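Chain by chain, the residues run as shown.
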Amino acid sequence: MKIKPRMLFARLAALVVVAIGIPIATAQNIDMPRFRWENFTTANGLPDNHVFCVLVDGTRIWAGTENGLGRYENGAWKIYRPVDGLAHQAVLSLALDKRTGDLWVGTMGGLSRVSAGRIDNFTQLNSGLSNDIVYGVGVQGDFLWVATAAGASRLNTRSGQWALFNERNTPMYEIWTYAVSPAEDKVYYAVWGGGVLEYDVKTERWKQYDDPDGETQLVLMKDQGLIHEITTSVSYVDKILWVATYFGASRYDGRYWHNFLQKDSGLPSNFLSQIKAVDGNRAWFSTDKGLAYYDGTNWAVYRPALDTHKPEMLVRDAAGAVKNIAVQSAPAHNYILGVDFQGDDLWVATAKGLSHGIRQHGSTESGSTGSAQVSQVQRSIPKK
Amino acid sequence: MQVATTWRSKAKVRASAGPALALTLAVTLALLLLAPAAKPAARSDAEANERYLSPIEMALSPDGRLLYVVCQGSDELRVVDIQSGKVVSAVPVGHVPRGIALSRDGRQIYVTNAWSDTVSVIDAATLKVVRALATGFEPTGIVSDQSGETLYVANRLSNDISVIDVNSGQEIKRLLAGRGASYLALSADGRRIYGTHIYPNAGAFRTPPNSEITVIDTARRTVVDRKQLHNVAGVFHVALSADGKLGVAAQLRPKNLIPLAHVEHGWAFGDSLTLFGDDVGGTVQVPIDELDRYYALPWAVAITPDKSKIFVTTAGSENVTVIDVRQLLRFAANSARIRQSSANGLVNDLSAAANYVTARIPVGRNPRGALLSQDGKRLYVANRLDDNISVIDTSSEKVVSTIDLGGPKTISALRHGEQLFFTADYAFQGQFGCANCHLDATIDGLQWDLEPDGFGKDIVDNRSLEDLAGTEPFKWNGGNPDMPTECGPRTEKFFYRSQSFTAQELTDIVKFVYSLPYRPNRYRLPNGELTPAQERGKAIFERTKYKNGNPIPEKNQCAYCHSGPKYTNQQQVDVGTGKSTDRSPVIDVPQLPNVVYSAPYLHDGSAQSLEEIWTVFNPKDTHGVSNDLRKEELNDLVEYLKTL
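If you're matching them up, the sequences are chains A and B in order. Residues in the first sequence are numbered from 4 upward in steps of one, following this note's numbering. Residues in the second sequence are numbered from 18 upward in steps of one, following this note's numbering.
In isolation and in its complexed conformation, chain A is listed as follows (with noise of 0.2 Å):
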């Protein structure tokens, strides 16, 4: 491929950048999001306080934890558990079908359907189901993927056919799929121990991207490929590819990745159970020592500080400049699991509770007039 003077300038001059270390802007006043957080627990109707993964429909919130699917609705939960129909209580992913409004439920004993009120459960014995524990739910069309224990399934939601991927028939060498991200050209899974799946719906065939350095936690190659082959969850949007691992955290481009690491990054754990893009450049990373916003150039971490557990914010800028900003609220916990987003606000599943992030434009958190407090700076985000 031919290079114009023009973009090859353009490239050098941000190489330059770069490498002297010239921020585009300082963390001093960088204006990240900000939130007021309000958390909820069993207190106040959830139905257990460790929240596997959030999902939002409008006004309506659905959380699924260890003992039940909870939807949230004009300020009141209504929980759903095995003898309200639900496949098993331990709810660990869902996925909305936005065109018919259905809910698909993914628990530790079987794919459940929510369709107004009426609950369908499909599982490994009365369906094409490969396993009943399903990590992982996406819509895609008329199909419905689906991650679990034992490779992949997606169901054919107009003809009720099921076809399974696993070992015999991809390149995946670990059926422990772990989530799944459909889009129209490609559907992406990870898998945990695997790497990263994709499948071109147009060709219909499979390939894997593992990292390079192999099975060794050391990152030998950076940038060269998938940070690491422990996979936790995947997001594909505008053509780009957002990969969280156990290890760290990689954007791939279709060309080439773009890891991230708590060393060098604004990432408070290499820890990570789930990242959701907001579009090619910006993504929220779940990690478990808070959540993380990234929108291309800065890095924001919200949680609840890990030595004095009080409500932190900590901003850091591209030259790695660190500013804490002084906060009201923070999520229920650090230990982050799933984000959604509701318009400007968040929906956060942590391990104790659901937290929601309701967007603070122009000011303070608390409303007040005044521009955030810089309470220290430091050159990295700490570490517990």
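Please keep in mind that the hints were generated in silico from the structure rather than gathered at the bench. None of the values given here were measured: they were computed from a predicted structure. Beta carbons are placed, not taken as given, at the ideal position from N, Cα and C, and that holds for glycine. Be aware that one or more of the hints could be misleading.
What the hints assert, rightly or not - Pairs of lysine to aspartate or glutamate residues, derived as EDC-like cross-links and limited to a Cα-Cα distance of at most 20 Å, are as follows:
| hint | chain 1 | residue 1 | chain 2 | residue 2 |
| --- | --- | --- | --- | --- |
| 1 | A | Lys81 | B | Glu414 |
| 2 | A | Lys101 | B | Glu650 |
| 3 | B | Lys190 | A | Glu41 |
| 4 | A | Lys225 | A | Glu207 |
| 5 | A | Lys313 | A | Asp60 |
Unchecked claim - Take a look, some chain A residues computed to stay more than 12 Å from chain B by CB distance:
| hint | residue |
| --- | --- |
| 6 | Gly48 |
| 7 | Arg121 |
| 8 | Leu128 |
| 9 | Leu132 |
| 10 | Gly154 |
| 11 | Lys205 |
| 12 | Pro307 |
| 13 | Thr311 |
| 14 | Arg362 |
Put chain B on the given structure of chain A with help from the hints.
The following block gives chain B in isolation, referenced to the frame of chain A:
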């Protein structure tokens, strides 16, 4: 209360013959023995080949001058000039048309074609089909939304509702419905569509059936509610009052969990209505039967514009039931009784109908669609098996004329058998006919406790009637070698306890039952080839060796028992699926064509899906060899079975 007799008053004589009832197939087959020499009727071939019209649904042109009649038997839309009562046109449509709707401006007529999986779009000016729109499996009910931009089609066999963009003609999406989605009604304000289902939803084994009214928000074009109908199986037409405060659905409440032989202590079906809406709050079920007379298969519902009367066609009883709405609502408003109804008290009270049923208007055979004129003064009833339309004056509640649609003037043996199949007139107190369980000559999705051997013993799943020739013997235990001896005088006396068919009637009904064809199979590729998954499944079905290379005993190979053109060797075997409640574990090998449509499975319906036949009920490889299969191989086998 004015109660007219039905078209065969002799039923009342038969009603005194005994207190018991028989179930559909049992009734049919029991009667066959009365004519051991049941030979084809001495009718001419020309008669036998007559193509009857079988009008089933109707719509009126906006100016009220034309009546559009869907003729299921002739694959036509017949157009009747109301003033002259004459057919002025016949428009060929798809195969087995079943539903009709008009565009808001009346310029387009939409007809669903159940066996073509299409909607014929007819230009009302030229009466020509201008295009066909693809739907789900077996499209039945259809409505246009108020904007006229979207069509909703209930698909009976794919259990969903197609949402079709009228401008593009494309199906935008399918909404999950209940099993056997069939009839739709648009609320007066256009905000909601209500859908009903001819089959019950899947449920746990040996639990009461449940159905639902699916509620669609037309603004969002999604399902927003499912009104639960407890102890209800078949639900047919649904209608909304003009003020939007009252919804009415016609339904069957089967008593399939208790032995049919105990029917003298109760009844086999409760013909009833579900009321919903602001007028009643929640849902309330009310009966339309009487203590000593039943009004079988309530099918279509029409509510007068002033909400003074409800008309209900009873497809098995050849009449129209008239209900006074004010009396009905007053009765239902009795709060104590409404509370009681939630525990089935009200709907099981056969004295209740006397409070609100004001008349029974005799009409023709197998009355189906009911349509009110815009002013509510005339009710049109499609008499499906008489090929005519009864015109009823809603004020006097009498038939004032009958519109002949121009069908054959003679009744063939086959047609006569069809009439016998669909009438409840031969059963004790007119309680039910063959078509009660074999809805539209198919199944009912239920499992019945037929035998008089105690509660919960010998449970049997309702079997398909499609193309039965060559599948003898009958019954799940294979006890009867052919149709005429299937139930015989013994069973007839045991179950039916009513006057039998004549020898000729018996011959004709056998002829009709044997004439029922296969419904189209939607899982086969148009070119007849198999998909790779189906091909792999076929190899598993036909395999003779275990995966380790050892031979599978011949009698444990799928294709050994399920052999021949109907996939049955017509033998009886013990495949290990018998229950402790069965008298014998020996089961008749069922035919497999269109098995995909007849869930649940096994003789007692204990397998909810094809997969469960092997994942749950074949632990010792006694029903074919399945335990060496991987999950994807079992899926392939299932995909192949769907094509049979």
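Hints, verified against the model:
no.	hint	in the structure
1	A:Lys81 - B:Glu414	violated (49 Å)
2	A:Lys101 - B:Glu650	violated (32 Å)
3	B:Lys190 - A:Glu41	violated (37 Å)
4	A:Lys225 - A:Glu207	violated (30 Å)
5	A:Lys313 - A:Asp60	violated (31 Å)
6	Gly48	holds (23 Å)
7	Arg121	violated (5 Å)
8	Leu128	violated (4 Å)
9	Leu132	violated (8 Å)
10	Gly154	violated (9 Å)
11	Lys205	holds (18 Å)
12	Pro307	holds (38 Å)
13	Thr311	holds (46 Å)
14	Arg362	holds (26 Å)
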